[in-house]
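Number of protein chains: 2
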Amino acid sequence: MEVTIKDVARRCNVAVSTVSRAINNHPDINPQTKAEIMQAIEELNYVPNNSARNLKRSDNKTIAVLVKGISNQFFNKLVTEIEKEIRTKKYTFFLQHVDEHANEVDIAVALTKEKRLRGIVFLGGYEYHTKESLSQLTVPFVTCTTSDFGNNEECVCSSYAVDDYKESYKMTEYLIRQGHKRIVLLGPMEHDESIGRRRLEGYQAALKDNHIDLDEKLIRYMAKNVVTYSMRNGYVVMQEALKEKLDFTAVFAISDLLAIGACKAIFEAGKKIPEDYAVAGFDGIDETFYYEPSITTIRQPIKELATSSMQALFRMIKSKESVPGIIFAGELIERASTNPNL
Amino acid sequence: MEVTIKDVARRCNVAVSTVSRAINNHPDINPQTKAEIMQAIEELNYVPNNSARNLKRSDNKTIAVLVKGISNQFFNKLVTEIEKEIRTKKYTFFLQHVDEHANEVDIAVALTKEKRLRGIVFLGGYEYHTKESLSQLTVPFVTCTTSDFGNNEECVCSSYAVDDYKESYKMTEYLIRQGHKRIVLLGPMEHDESIGRRRLEGYQAALKDNHIDLDEKLIRYMAKNVVTYSMRNGYVVMQEALKEKLDFTAVFAISDLLAIGACKAIFEAGKKIPEDYAVAGFDGIDETFYYEPSITTIRQPIKELATSSMQALFRMIKSKESVPGIIFAGELIERASTNPNL
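As they're listed, the protein sequences go chains A and B. Note that our numbering numbers the first sequence so that position 284 is 298, with each residue one more than the last. Note that our numbering numbers the second sequence so that position 320 is 334, with each residue one more than the last.
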C-alpha cells in the first residue's frame, strides 16, 4: 500500500499541513518538528511530491498539444485544463506552439517520429488539410475548439467544439432583438476557411432571416500586419472604422480580445458603450466580466471541451478506433456592454 | 548549402507566398502550379517546414521551464519568448506548471533525472530553499522574474529580475507625489518570503521616507481561497475593503491582474477612477492599456528578461560555470487610472 502524507502526519502526531510545510521548506515551522518529519518520511519511504512521483512513472508516454497561432487567454486556460488531464493519466505533456502560417499536420508528423507520441491534441488551426496529408498521422488525435479536420476516415480521431455557425447566429439575432440593424462583424480573416468563416456565415444567416440587407462594408476583416485575434487587432480595425465614419450601432467581435480592443478604440473616440455603440465578443474569457462595462459574450465550455476531448483521446489510444465527437452549446452571457439596464 | 523556399520559388518561377500556399495545403492555388511546386520540392530535396526541421535536429537536448503558480498573462508572454529562444538554439522545450504550494526544486530534481535535462528555467517561485535542497540541482539553471535562489554557490546558476523593492518604492512615491497619503497596498501574501514581501518593503520605505505613518489596515493581503495574483483575488479583496468603508484614496496592486479586479470592485460600488480612487498595478501586461481607464503600471522588460536569462543558460550549459545575473529597471507608465489629465 502506498504511503501517503497522512501516514507521515499520523506517525509524527502533527497536522498534514505541518508535514507539507516541512516538505516545502516553509520557514514557519519548528526546526525540531521538521527534523522529526523528515526522519519519518525517510523511514516510511514516503515520496513527498505528487508531481515528482508522477514524473517517475511516465515512461515516456507523451501526448503533444499543438497550439495554432499566438497564445491567448482562451487557449491558455484550455491548455492548463488539458495539461491537468494528461498528467492525471500519467502521460508526459508536451506543448508546442505552431506559427499561424505553418502547417500543423506536418509538424505533428515530425513530432510523432521524434517523440514517439501516443496521441496529439490540435488546438485552433485554420488550414485546409488534404486526405493524403492527414493519412500521415499515425497516432490518434483530437481537434479541440475546431472541427476542421477531426472527422475523417483516414485517421483515428475525434473533434470537440461549439457550433460556430449557430453560436454566431445566436449572438447576431440577440443584437437584432436589442434593436440593432447595422451591426459590424469584427474579425474574420479574408479567405478564412475555418472558425472565422463559419462565424461570418452565422452572422449573414441571422441578418437574412431577420430581413436585414447585408452591407459588406460592415464586415471588418482582421488587420494582416497585426497578431490575429489580439486586442491590438480589434483596436486598430475599430479605429479605422471610426475614422471612416462608418455608420453602425453595434459591434459583434468574433473573439473577446478583439472586442476589448474595439471597446478601447470606441472610448478613445469619446463615445460611450453601450449608449453610442453596443459591443459583444465571443469565447467567454474572464476579462469580459472585469472590463468596464462588462462585455456580452458567448461562453465556450472550456472545462467540458478539455475533459471530453481528453477522455476520447485516452480511449482512442487504447482501442485504436475513432470515437464520435461532440458539438457543445455555447452560452450567451448578456452584460452591460449591450444592455444599459444591466 | 541549404535549399530554401526561395530556391523552390525561383525554380518554379512563382512567388514565395505561392510556394508557401502549396506547402500549407491552402485551397487558393492552381492545382497544376501546386503539382509543379511539390515536384520541385522533392527534386531540390527541400525540407518545407522550419519547425519540423528543427525538431529533427533536437537530439533530445531538453530545457525545462517550470512555471510556479497559476499561469497568467505576464508569465505566458514570458514563456512564449523563452520558448522561441530555446527552439532557436535547437533545444527541446519542455514546459511544466508547478502547483503554487509544491516545491519546484524537488520537481526539477525529478525532471532532471527523468528527461536528462540540460538546463532549467524557474519562473516565479516563492518558496525558501535550503542549500542542501539546491545542491541537488546538478544542471545549470536560471531564475527569471525572481532572484530568490538564483544566486548561490552550490549551483551553476544565474538570476534575472527587476528590483522589486526599488520598483515598488518608485510607484509608491509616485502616488505620494500625486497627493495620496492613504494608499492601499493590495496583494502581498501573509508570510510572503518572495516578491510580495519585497514589494511590501518598498512600499513601507517610500511611506517612511515621505513621513507618512504606516497604517497596517491599508495592507490588504491576498485572499487565501482564491487563485493568487488573479483578477478575482483583487476583486474580492477590494470588495471587502470597500464594504468595511476603509479610508483610502489610492490602490497600489502588486500585479496588474489584481489591479484590474480592484477596478471592477470600485466601479461596482458606483465610484470613479481616478476621481474617487486612483489605481496602479505592476507588470505592464497589455490589458492595462486596453482597460478603461488605462491603468498606470510598472512595465517589466519581458523580452530582455527572456533573452538575457536564456543567453546565460546557454553559456552556463557550455562552461559549467555560473554567470553574474542582471537586475533590470522597470518603467513606470503613467496613465489615466492615476492621472485624470491623461
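Simulated from the structure, these hints should not be mistaken for laboratory data. Keep in mind that the hints are not guaranteed to be accurate.
Where chains are identical, the list cannot tell them apart; a pair therefore holds if satisfied intra-copy or between any two copies.
Below, a list of computed lysine-lysine pairs in the DSS-like style, where the Cα atoms sit at most 27 Å apart [stated by the list, open to error]: (1) K231 <-> K180; (2) K127 <-> K195; (3) K317 <-> K238; (4) K257 <-> K103; (5) K195 <-> K184; (6) K231 <-> K103; (7) K238 <-> K20; (8) K129 <-> K180; (9) K184 <-> K48; (10) K332 <-> K180; (11) K129 <-> K195; (12) K48 <-> K286; (13) K332 <-> K48; (14) K257 <-> K231; (15) K98 <-> K285; (16) K20 <-> K317; (17) K195 <-> K48; (18) K129 <-> K98.
Status of each hint after checking the structure:
{"no.": "1", "hint": "K231 <-> K180", "result": "within (23 Å within a copy, 51 Å between copies)"}
{"no.": "2", "hint": "K127 <-> K195", "result": "neither (53 Å within a copy, 62 Å between copies)"}
{"no.": "3", "hint": "K317 <-> K238", "result": "between (31 Å within a copy, 23 Å between copies)"}
{"no.": "4", "hint": "K257 <-> K103", "result": "neither (53 Å within a copy, 44 Å between copies)"}
{"no.": "5", "hint": "K195 <-> K184", "result": "within (15 Å within a copy, 50 Å between copies)"}
{"no.": "6", "hint": "K231 <-> K103", "result": "neither (50 Å within a copy, 46 Å between copies)"}
{"no.": "7", "hint": "K238 <-> K20", "result": "between (56 Å within a copy, 22 Å between copies)"}
{"no.": "8", "hint": "K129 <-> K180", "result": "neither (38 Å within a copy, 45 Å between copies)"}
{"no.": "9", "hint": "K184 <-> K48", "result": "neither (59 Å within a copy, 39 Å between copies)"}
{"no.": "10", "hint": "K332 <-> K180", "result": "neither (33 Å within a copy, 55 Å between copies)"}
{"no.": "11", "hint": "K129 <-> K195", "result": "neither (53 Å within a copy, 58 Å between copies)"}
{"no.": "12", "hint": "K48 <-> K286", "result": "neither (59 Å within a copy, 50 Å between copies)"}
{"no.": "13", "hint": "K332 <-> K48", "result": "neither (44 Å within a copy, 38 Å between copies)"}
{"no.": "14", "hint": "K257 <-> K231", "result": "within (14 Å within a copy, 48 Å between copies)"}
{"no.": "15", "hint": "K98 <-> K285", "result": "neither (43 Å within a copy, 40 Å between copies)"}
{"no.": "16", "hint": "K20 <-> K317", "result": "neither (30 Å within a copy, 44 Å between copies)"}
{"no.": "17", "hint": "K195 <-> K48", "result": "neither (69 Å within a copy, 43 Å between copies)"}
{"no.": "18", "hint": "K129 <-> K98", "result": "both (20 Å within a copy, 19 Å between copies)"}
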